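Engineer: Spelled out from the first residue to the last, the chains are:
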Amino acid sequence: SQQGEEDPQALSIQEGENATMNCSYKTSINNLQWYRQNSGRGLVHLILIRSNEREKHSGRLRVTLDTSKKSSSLLITASRAADTASYFCATRAGANNLFFGTGTRLTVIP
Amino acid sequence: DGGITQSPKYLFRKEGQNVTLSCEQNLNHDAMYWYRQDPGQGLRLIYYSQIVNDFQKGDIAEGYSVSREKKESFPLTVTSAQKNPTAFYLCASSSQTTWETQYFGPGTRLLVL
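Chains as they are written, first to last, in this note's numbering: chain A, 1 to 110; chain B, 1 to 113.
In case anyone wonders, no lab produced these hints; they're calculated from the structure. The reader is advised that the hints may include incorrect statements.
Here are some chain A residues pointing at chain B (derived, C-beta under 7 Å) [said to hold, decoys possible]: (1) 31; (2) 41; (3) 48; (4) 100; (5) 101; (6) 102; (7) 103.
What follows is a set of in silico ranges between Cβ atoms, one per label pair, in the way DEER data are often shown [unchecked claim]: (8) B:39 with A:7: 15 to 23 Å; (9) B:41 with A:51: 24 to 32 Å; (10) A:107 with B:10: 23 to 31 Å; (11) B:20 with A:68: 43 to 51 Å; (12) A:7 with B:51: 34 to 42 Å; (13) A:67 with B:70: 36 to 44 Å; (14) B:15 with A:52: 45 to 53 Å; (15) B:8 with A:7: 33 to 41 Å; (16) A:109 with B:38: 25 to 33 Å; (17) B:70 with A:55: 39 to 47 Å; (18) B:84 with A:9: 16 to 24 Å.
Chain B residues, not near chain A, derived (Cβ > 10 Å throughout) [to be verified]: (19) 11; (20) 12; (21) 13; (22) 27; (23) 28; (24) 53; (25) 60; (26) 61; (27) 69; (28) 75; (29) 81; (30) 83; (31) 84; (32) 96; (33) 113.
The structure displayed is predicted, hence computed values, not measured ones. Virtual Cβ for every residue (Gly too), placed ideally from N, Cα, C.
Given only the sequences and the hints, what does the whole structure look like? Please build it.
Structural biologist: Okay, structure coming up:
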């Protein structure tokens, strides 16, 4: 399976701290994406990083990709209570559809 | 949740009953997708459609059926053959020019009575 796996499964931090979550996958990919899901809601696309990119930023988000290790990390800086959600990585290889990981549940304590 | 709507928000199914989940998008997207999410799990692809009047099975299509008669609509029917239908169902769409990014609806939670 190409499905990614996020680590840790759950993360609890204080507001203002940084949150780091990791994603590992099994096969070569074209790109890797991160999505956020608030409880009981749909997913929201956060950021996409292509296989030839190593790092990408978007506001308080920083994503890295290491294709040699088949891993990616998502860093959320200066976390806020509103960042509380589940975060999923999703990978795409060729013309295939997205494969989603099992998610990291982030809790930011005010 | 963008321009994708799903209804109803909650749906109850009796044993042996077929139920249909609605998904509508006003984003003019070509591709649409149905995913199933179980508690604490990631998303699994049920069906997808890249163009009107065409659709493909995903990883867990058994017990489900779809149609794509209009570009903006992609309803999912959960048939009586699906023995464990209780889950959260998510519809998504993507444009032809940005296949990578998918836009999701708010989801429908299906419960079995």
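Engineer: All hints, please: hold or fail.
Structural biologist: Hint check results:
no.	hint	result
1	31	holds (6 Å)
2	41	holds (6 Å)
3	48	holds (6 Å)
4	100	holds (4 Å)
5	101	holds (5 Å)
6	102	holds (5 Å)
7	103	holds (6 Å)
8	B:39 with A:7: 15 to 23 Å	holds (19 Å)
9	B:41 with A:51: 24 to 32 Å	holds (26 Å)
10	A:107 with B:10: 23 to 31 Å	holds (25 Å)
11	B:20 with A:68: 43 to 51 Å	holds (46 Å)
12	A:7 with B:51: 34 to 42 Å	holds (37 Å)
13	A:67 with B:70: 36 to 44 Å	holds (40 Å)
14	B:15 with A:52: 45 to 53 Å	holds (52 Å)
15	B:8 with A:7: 33 to 41 Å	holds (35 Å)
16	A:109 with B:38: 25 to 33 Å	holds (27 Å)
17	B:70 with A:55: 39 to 47 Å	holds (41 Å)
18	B:84 with A:9: 16 to 24 Å	holds (23 Å)
19	11	holds (14 Å)
20	12	holds (17 Å)
21	13	holds (19 Å)
22	27	holds (13 Å)
23	28	holds (17 Å)
24	53	holds (19 Å)
25	60	holds (13 Å)
26	61	holds (13 Å)
27	69	holds (22 Å)
28	75	holds (17 Å)
29	81	holds (23 Å)
30	83	holds (23 Å)
31	84	holds (18 Å)
32	96	holds (13 Å)
33	113	holds (20 Å)
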